[in-house]
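Undergrad: Each chain, letter by letter, is given below.
There are 2 protein chains.
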Amino acid sequence: MALIIQKYGGTSVGTIEKIENVAEKVIATKRAGNDVVVVVSAMSGETNRLIGLAKDITSTPDPREYDVLVATGEQVTIALLSIALIKRGYAARSYTGSQVRIRTDNAYTKARIMDIDEQRVRQDLREGRIVVVAGFQGMDEDDNITTLGRGGSDTTAVALAAALKADECQIYTDVDGVYTTDPRVVPHARRLDKITFEEMLELASLGSKVLQIRSVEFAGKYGVRLRVLHSFQDGPGTLITYDEEVENMEEAVISGIAFNRDEAELTIAGVPDHPGVAYKILGPIGESNIEVDMIIQNIGADGCTDLTFTVNRNDFAKARKILEKTAQELGAREVTGDDTIVKISLVGVGMRSHAGIASTMFGALAKENINIRMISTSEIKISVVVGEKYLELAVRALHDAFKLDQKPAA
Amino acid sequence: MALIIQKYGGTSVGTIEKIENVAEKVIATKRAGNDVVVVVSAMSGETNRLIGLAKDITSTPDPREYDVLVATGEQVTIALLSIALIKRGYAARSYTGSQVRIRTDNAYTKARIMDIDEQRVRQDLREGRIVVVAGFQGMDEDDNITTLGRGGSDTTAVALAAALKADECQIYTDVDGVYTTDPRVVPHARRLDKITFEEMLELASLGSKVLQIRSVEFAGKYGVRLRVLHSFQDGPGTLITYDEEVENMEEAVISGIAFNRDEAELTIAGVPDHPGVAYKILGPIGESNIEVDMIIQNIGADGCTDLTFTVNRNDFAKARKILEKTAQELGAREVTGDDTIVKISLVGVGMRSHAGIASTMFGALAKENINIRMISTSEIKISVVVGEKYLELAVRALHDAFKLDQKPAA
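Those protein sequence lines, which keep their order, are chains A and B. Residue numbers are given in this note's numbering: position 330 of the first sequence equals residue 336, and the series is strictly consecutive. Residue numbers are given in this note's numbering: position 9 of the second sequence equals residue 15, and the series is strictly consecutive.
Don't take each hint at face value.
You can't tell identical chains apart in this list, so a pair holds if it fits in one copy or across any two.
To be verified - Below 25 Å or equal to it, Euclidean Cα-Cα: the simulated SDA-like pairs (lysine to any residue) are:
#1 93 x 58
#2 61 x 20
#3 373 x 383
#4 93 x 52
#5 36 x 20
#6 171 x 231
#7 31 x 64
#8 93 x 66
Simulated from the structure, these hints should not be mistaken for lab results. Please read all numbers here as calculations on a predicted model, not as lab measurements.
The shape of chain A in the complex, shown without the other chains (with noise of 0.2 Å):
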């Protein structure tokens, strides 16, 4: 018998009729002879209806209070799903974050995990009971009602899941698993079978908005397998699992191509070098809680340093006032900018032993014309920075020249 936590989210249980949909596939999978611990979200919705009552008070509402408002839409989910799991007849029994005792720090609004008492839920277990736990939520060590950010119910499923060594937590979303990249941009992308931690992070950070980046994290540091499946189709999904697991299985090089066109990139010129001049430049940056991606520095026959770094494009206007100020105090020559930039990234474990990916790539790019401005590299993942104009075409480029339509051969 193997223990299963299946975490719905709250397009999943966002209507009466949707909630007896996952009623039905919990039991099914209680049928096939699983434990089952369920983990909800609240309705699609009603977290905004909440924050929308508080904010017609105060746009600025105490952060303690704010999560005992939200905290109540989870609690309404567990209660319904449990309702419909005893109408069929199957004995259920459902907890808020503080009942089961998730408990997490007291930052409010963005609590973290710091230990669930899982007795109580193996005690449920072991009477054959489903259980129902709302995901989001949590307690301090006060018993102060806390709520883990947007997201958090992943995070949830996957803490439940190492705490109770569960065989597999399953997070069902509105795609049928992780693509090689996104099917509005690649329409012959393909789902992948399997895919490691490693990977699904750099896919994830870079806008293959699947999984909360922070849930994945969890699950690899604690070795809990991950699935991704679609809320309302039958199907594998993706498994997201340890290295080994997924490279013995298939000898795919690259795994995927995630972008993100939230990009901008500013470049400061001509400014006389000497130590710690990109300090003085990004400094200022920083602590205006802008954050800094890709930075390219180079220096110029002169003496003098030309840097480039790329921000969110929504901090673009005040990085560059900032940047304008700085380039005056140390007597930079220009500041230039450009907010129609996008980041393409190739992700895969198999690049650790594979040469000739970059050429690769950068032949693939250069065949259609498309400029690389930037490029950064990782272990397991190169991105380059093109113009926004090019980025259908050069993600459809790449896509081909590492054949991820076809599946790689075992």
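Based on these hints, arrange chain B on the given structure of chain A.
TA: The following block gives chain B in isolation, referenced to the frame of chain A:
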């Protein structure tokens, strides 16, 4: 410094505007130098909305999960009220029933409070906070969420007042106090400044539905001074307190007149009398969960018994059917019934020390040619059954006869 418990019901917190209004009232009490604990209900309509969701799944939702569901209603209100208080610069903290450890039995949907651990609230009060507690809910021994049933927020407020030994428990509602009778029937009905617990119990159970009966019993038992006040109008309201305190203040003989339109009368006539015949007649009624109120038995010269009793009008048809079956078995002559009757009750602790109340009452009714069909008396109450069409006439006649529109001399 006094400790005041304030309770605001669903209509008092039915909108954000009303919640802000409640925040102002709470702060006014705090600024007057009092410690304040506020108990709130769900926003009006919210509990019904939640029940509607459950009923969309099944007409018989699991009681444990039903309580998990509806308990979210008050949790939303405590958060919103605390947000409104904190916005105004006052330290406030909300607690669910579970958090403040309101221990109940495990009779889901109608649990009874067993114990309150008031340490946490005391600590907050010492630190200058306004404490906001969810009414209507608690948790059982195993930390399951329970609810006290409709109107349970009054009970929460009184139980907290008892546990904290509060100076006063103020119940804010949509009337400005307890009246000598229903002002819709007697326009010059008078608001009572004070009334005893016993009188209030008689008035409440007879139809002046200002306070939940259980909360009044509880207040009487633990000696909690209760005050009924209007949520949106200023005024002293009505204090519900001990006999002595009231009797010393007011020489009232009669405090008020209650009436109940939901009455029906059944008579089984010509029953051959022998020991236990009343039991044989009323036993089957009680077993069908029909509550019998007044009972009169006459033994005729022919050795036959006539037995008349009243039931709730909703149970009239069902009770009549049962009674007809019993009549056949016992060889009774006939069964008659009337569901156009009402019960009118004079209530007053002064009856204990004043003679002649009954004769004044009967005289006033006779003067208006109102036929009395049944009479029952208790220590502080005289009830009569009359035809429904006489209700208003009778209540007005009694109100005048006992000069209830005039404040009694001190």
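Undergrad: Work down the list of hints and note, for each, if the structure agrees.
TA: Results of checking the hints against the structure:
Proximity of residue 93 to residue 58 under the C-alpha cut-off of 25 Å is restricted to the inter-copy arrangement: shortest distance 16 Å between copies versus 33 Å within a copy. For the identical chains of this complex, residue 61 and residue 20 are neighbours both inside a copy (23 Å) and across copies (16 Å), given an alpha-carbon limit of 25 Å. In this homomeric assembly, residue 373 and residue 383 come within 25 Å of each other (Cα to Cα) only inside a single copy, at 21 Å, whereas the closest approach across copies is 103 Å. Taking CA atoms no more than 25 Å apart as the test, residue 93 paired with residue 52 passes in both settings, with 24 Å inside one copy and 23 Å between copies.
In this assembly of identical chains, residue 36 and residue 20 lie within 25 Å of each other by CA distance solely inside one copy; the values are 23 Å within and 42 Å between copies. Taking the shortest Cα distances, residue 171 and residue 231 sit within 25 Å of each other inside one copy (10 Å), while across copies they are farther apart (54 Å). For a Cα distance limit of 25 Å, the shortest separation of residue 31 from residue 64 across copies, 18 Å, qualifies, whereas the shortest one inside one copy, 41 Å, does not. In this assembly of identical chains, the alpha carbons of residue 93 and residue 66 lie at most 25 Å apart only when taken from different copies (8 Å versus 41 Å within one copy).
When the structure is compared with the earlier hints, no violation turns up for any of them.
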